[in-house]
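*Asks:* Sequence:
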Amino acid sequence: MTASPQVPAATAPDRAATVTRTVLAVVGVLAVVVFALSSPFFLSVDNLVNLLDDIAVTGILAVPVTFLVMSGHVDLSVGAVAAFTGIVVGATAPEVGLPVAVLLGVATGAVVGLVNGLVVTVGGVDSLATTFAAMALLRGLAYWVPSGLAVAVSGFRALGGAGPVLGLSVPTLVFAGLAVLGGALSVTAVGRDARAVGALPAATRLDAPRERRWVLGLFVVTGLAAALDGLVRTSQLGTGLPTSATGVEVVVLAAVLFGGGRLGGGRGSVGGTVLAVAVVAVIDNGLSLANVTAYAAQVFHAALLVLALVLDRSRRRPRRSAARRAAARAAASGAGAGAGGADGSGAEAVGAGGAGAAVRAVAADGAADAAVDPAALDGRVDAEAGR
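With the first letter of the sequence shown counted as 1, position 46 gets the number 46 in the numbering used here; the numbers rise by one all the way through.
No lab work stands behind these hints: they were computed from the structure.
Do not rely on the hints blindly, as some may be mistaken.
[Unchecked claim] Derived Cβ-Cβ restraints for the label pairs, each shown as a range:
(1) 125 to 25: 34 to 44 Å
(2) 185 to 45: 26 to 36 Å
(3) 185 to 310: 28 to 38 Å
(4) 129 to 91: 22 to 32 Å
(5) 114 to 207: 49 to 59 Å
(6) 203 to 313: 35 to 45 Å
(7) 34 to 157: 27 to 37 Å
(8) 202 to 180: 25 to 35 Å
(9) 15 to 91: 43 to 53 Å
(10) 144 to 103: 16 to 26 Å
Every residue, glycine too, gets a C-beta built ideally from N, C-alpha and C.
Whole structure, please, built from the sequences with the hints as guidance.
*Replies:* Set out below in structure tokens:
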């Protein structure tokens with residue numbers, strides 16, 4: 001991988017993310033206490049199993065998306081991929097048999113991830129726009145292929161039933177394994193490389209072939225995870241539904257950001273993401289027991305995403321503002337020193353001081369985002385020096 005800025009281990013944004021995760025944990029504990037006191041069914045075995053399943057079907061998507069966000073990209077198509085995978089399995093199983101249909105479903109996720117990755121890395125299209133278009137396309141296909149109807153998948157219960165360990169369901173065990181693997185990878189070269197790619201300036205993030213291959217691979221893995229999630233959902237219900245996983249991308253992105261990820265890239269925490277997914281699932285479950293409608297839950301999820309985006313922005317603002325204030329003071333100091341010259345040298349000093357302050361301002365701004373774009377630096381220095 002090309003040379004990239006080192007991501008500091010303990011910075012202000014990291015501390016802010018730690019505070020956010022602490023607040024999340026407190027909110028989660030309070031939610032458990034409140035719902036346990038308000039509903040006798042909340043702590044029942046059946047409800048806890050359902051709660052773990054809810055965490056699993058969202059978490060299976062959230063773990064790989066965490067690595068994508070680390071690299072400075074997002075994938076909004078994961079829910080639509082999950083839904084279309086179920087439709088593919090249900091539509092093809094009667095013709096080719098269930099095993100082949102499952103393989104076709106997995107291949108669907110891989111192909112979608114590959115196409116998304118190629119459009120982003122080779123086509124240079126923003127990942128948000130790319131995956132939003134993929135989401136619309138696949139959700140439309142999920143409705144169009146079965147004419148808007150559910151597609152029954154008989155005999156496919158392997159991924160939806162109880163597992164062999166402690167009576168936990170297969171989805172819960174799959175998610176637990178994926179979370180442990182993702183957490184381990186995030187502290188190895190895999191996580192460091194993902195953060196390093198995300199820490200590069202957006203304009204140069206995909207310049208090197210190795211970085212393009214890395215991001216492409218992350219999109220493929222995310223597509224595979226979305227297909228797996230679709231298989232799990234289909235196995236749980238015995239049916240492929242066009243409406244399956246509707247809106248899950250909102251919860252996934254909010255969880256990644258609340259967990260410590262940053263839309264600009266360079267940061268992310270698998271553990272934080274898992275915590276956020278669990279807290280949201282607990283609140284959803286409690287609201288469901290309180291007979292709150294699914295439509296209200298959608299409003300809740302949207303509000304969570306808005307809050308997560310605001311927090312993501314606020315984590316960067318203090319450092320950038322401080323950098324600008326320091327640059328302004330330096331520019332004023334340089335101008336004052338230059339004004340003392342009586343033979344015209346003062347004007348030159350002012351110009352030099354202004355240019356130097358511009359360099360420091362741009363460099364400080366870039367440091368807050370973990371990198372400086374050389375082209376932007378030159379342009380802003382020239383503009384300041386010409387004033």
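*Asks:* State for each hint whether it applies.
*Replies:* Right, here's what the structure says about each hint:
1. For residue 125 and residue 25, the hinted distance range of 34 to 44 Å is satisfied, since their beta carbons lie about 38 Å from each other.
2. Checking the proposed 26 to 36 Å range against residue 185 and residue 45 shows it holds: the Cβ atoms sit about 33 Å from each other.
3. For residue 185 and residue 310, the Cβ-Cβ distance of about 29 Å falls inside the hinted range of 28 to 38 Å, so the restraint holds.
4. Here the CB-CB span from residue 129 to residue 91 is close to 29 Å, well matched to the stated 22 to 32 Å.
5. Range check, residue 114 to residue 207: about 21 Å between beta-carbon atoms, so the 49 to 59 Å window is missed.
6. Against the hinted window of 35 to 45 Å, the Cβ-Cβ separation of residue 203 and residue 313 comes to about 20 Å, which falls outside the hint.
7. Taking the beta carbon of each, residue 34 and residue 157 are about 35 Å apart, inside 27 to 37 Å as hinted.
8. A hinted range of 25 to 35 Å for the beta carbons of residue 202 and residue 180 is consistent with their spacing of about 32 Å.
9. For the hinted restraint 43 to 53 Å between residue 15 and residue 91, the CB-CB distance of approximately 50 Å keeps it satisfied.
10. The hint said 16 to 26 Å for the Cβ distance between residue 144 and residue 103, and at roughly 23 Å that hint holds.
Hint compliance for this structure: hints 5, 6 are broken, all remaining hints hold.
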